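Protein chains in written order, with our numbering: chain A, 133 to 242; chain B, 205 to 318.
Just so you know, the hints here were simulated from the structure itself, not pulled from any lab data. Heads up, some of the hints might be wrong.
[What the hints assert, rightly or not] The calculated PhoX-like cross-link candidates involving lysine-lysine, where the alpha carbons are at most 25 angstroms apart (straight line), are: (1) A:Lys169 with B:Lys205; (2) A:Lys191 with A:Lys158; (3) A:Lys158 with A:Lys182; (4) A:Lys182 with B:Lys261; (5) A:Lys158 with B:Lys261; (6) A:Lys158 with A:Lys200; (7) A:Lys169 with A:Lys191; (8) A:Lys200 with A:Lys182; (9) A:Lys182 with A:Lys199.
[Unchecked claim] To be clear about the criterion: a stretch of chain A counts as covered by chain B if any three or more of its residues have a C-beta under 8 angstroms from a C-beta of chain B, and this derived list gives those stretches: (10) 168-177; (11) 232-241.
[What the hints assert, rightly or not] If you anchor each label on the Cβ, the simulated ranges turn out as follows: (12) A:Gln134 with B:Leu318: 26 to 36 angstroms; (13) B:Thr257 with A:Leu181: 21 to 31 angstroms; (14) A:Asp190 with B:Gln221: 39 to 49 angstroms; (15) B:Ser226 with A:Pro242: 34 to 44 angstroms; (16) A:Gln211 with B:Gln221: 40 to 50 angstroms; (17) B:Gln221 with A:Pro139: 35 to 45 angstroms; (18) B:Thr242 with A:Ser157: 15 to 25 angstroms.
The model shown is predicted, which means the values in this text are computed figures rather than measured ones. C-beta: ideal position from N, C-alpha, C; glycine also.
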Amino acid sequence: QQPVQSPQAVILREGEDAVINCSSSKALYSVHWYRQKHGEAPVFLMILLKGGEQKGHDKISASFNEKKQQSSLYLTASQLSYSGTYFCGTESNTGNQFYFGTGTSLTVIP
Amino acid sequence: KAGVTQTPRYLIKTRGQQVTLSCSPISGHRSVSWYQQTPGQGLQFLFEYFSETQRNKGNFPGRFSGRQFSNSRSEMNVSTLELGDSALYLCASVPSDYRIDTQYFGPGTRLTVL
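Chain A on its own, in the form it takes in the complex:
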């Protein structure tokens, strides 16, 4: 039931792009994305509701394919501040529980 994220880890140079995928075995109502820096609490990035909408702000955006129960987070022109662990979070159609994904460690180097 825990969504699976890929890749598990990625190292980028400043300015490069990255895609993080989140896949669930359950029918989803919403997908959330969070970033957690070492020793800090997760910080909300965005929510996508069923309907296939794509959201974004600045150089971070995401898409949600409810038919495939998948979401992708796109980071373009990465900055050093993007480093951290990214988690997707999913809420099923029944809305009974919230599951965080397995996490993706992203490191941006100069």
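Let chain A serve as the given structure and place chain B on it in line with the hints.
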């Protein structure tokens, strides 16, 4: 507005003891969720409270319980602690009455069970 606060920030207990953690949500937020974070299992949902009622529950044993007070502050209790309960416990509050909204996390309580 002040953010989500959690107390204490660090706790050391021994096996068999019980522990109570506290979470004060952002003013005006009525929904509070609790999560356990460990290196092996990642972030796992414990339960969610709204208006003093448990609205959702994760797959944790009955040793894990919680409650919410009329001022939306929430506590979680773990009885008969086990070594595997060592974790970072995070609470999050939500500004709307529905969980499909931004979750604001507190700094967490680091629990170590010896």
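Evaluated hints:
1. A:Lys169 with B:Lys205: Roughly 22 angstroms separates the two Cα atoms, so the pair holds.
2. A:Lys191 with A:Lys158: violated (29 angstroms)
3. A:Lys158 with A:Lys182: holds (13 angstroms)
4. A:Lys182 with B:Lys261: holds (23 angstroms)
5. A:Lys158 with B:Lys261: holds (17 angstroms)
6. A:Lys158 with A:Lys200: holds (10 angstroms)
7. A:Lys169 with A:Lys191: holds (18 angstroms)
8. A:Lys200 with A:Lys182: Holds. A:Lys200 to A:Lys182 sits at ~11 angstroms (cutoff 25 angstroms).
9. A:Lys182 with A:Lys199: holds (9 angstroms)
10. 168-177: As far as the segment 168-177 of chain A goes, the hint holds, because 5 residues have Cβ atoms under 8 angstroms from chain B.
11. 232-241: Coverage by chain B holds for the segment 232-241 of chain A (4 residues, Cβ < 8 angstroms).
12. A:Gln134 with B:Leu318: 26 to 36 angstroms: holds (28 angstroms)
13. B:Thr257 with A:Leu181: 21 to 31 angstroms: Holds, since B:Thr257 and A:Leu181 (Cβ atoms, about 25 angstroms apart) stay within the stated range.
14. A:Asp190 with B:Gln221: 39 to 49 angstroms: holds (46 angstroms)
15. B:Ser226 with A:Pro242: 34 to 44 angstroms: holds (41 angstroms)
16. A:Gln211 with B:Gln221: 40 to 50 angstroms: Taking Cβ atoms as reference, A:Gln211 and B:Gln221 lie about 45 angstroms apart, which means the hint holds.
17. B:Gln221 with A:Pro139: 35 to 45 angstroms: holds (40 angstroms)
18. B:Thr242 with A:Ser157: 15 to 25 angstroms: Given about 22 angstroms between the Cβ atoms, the range holds.
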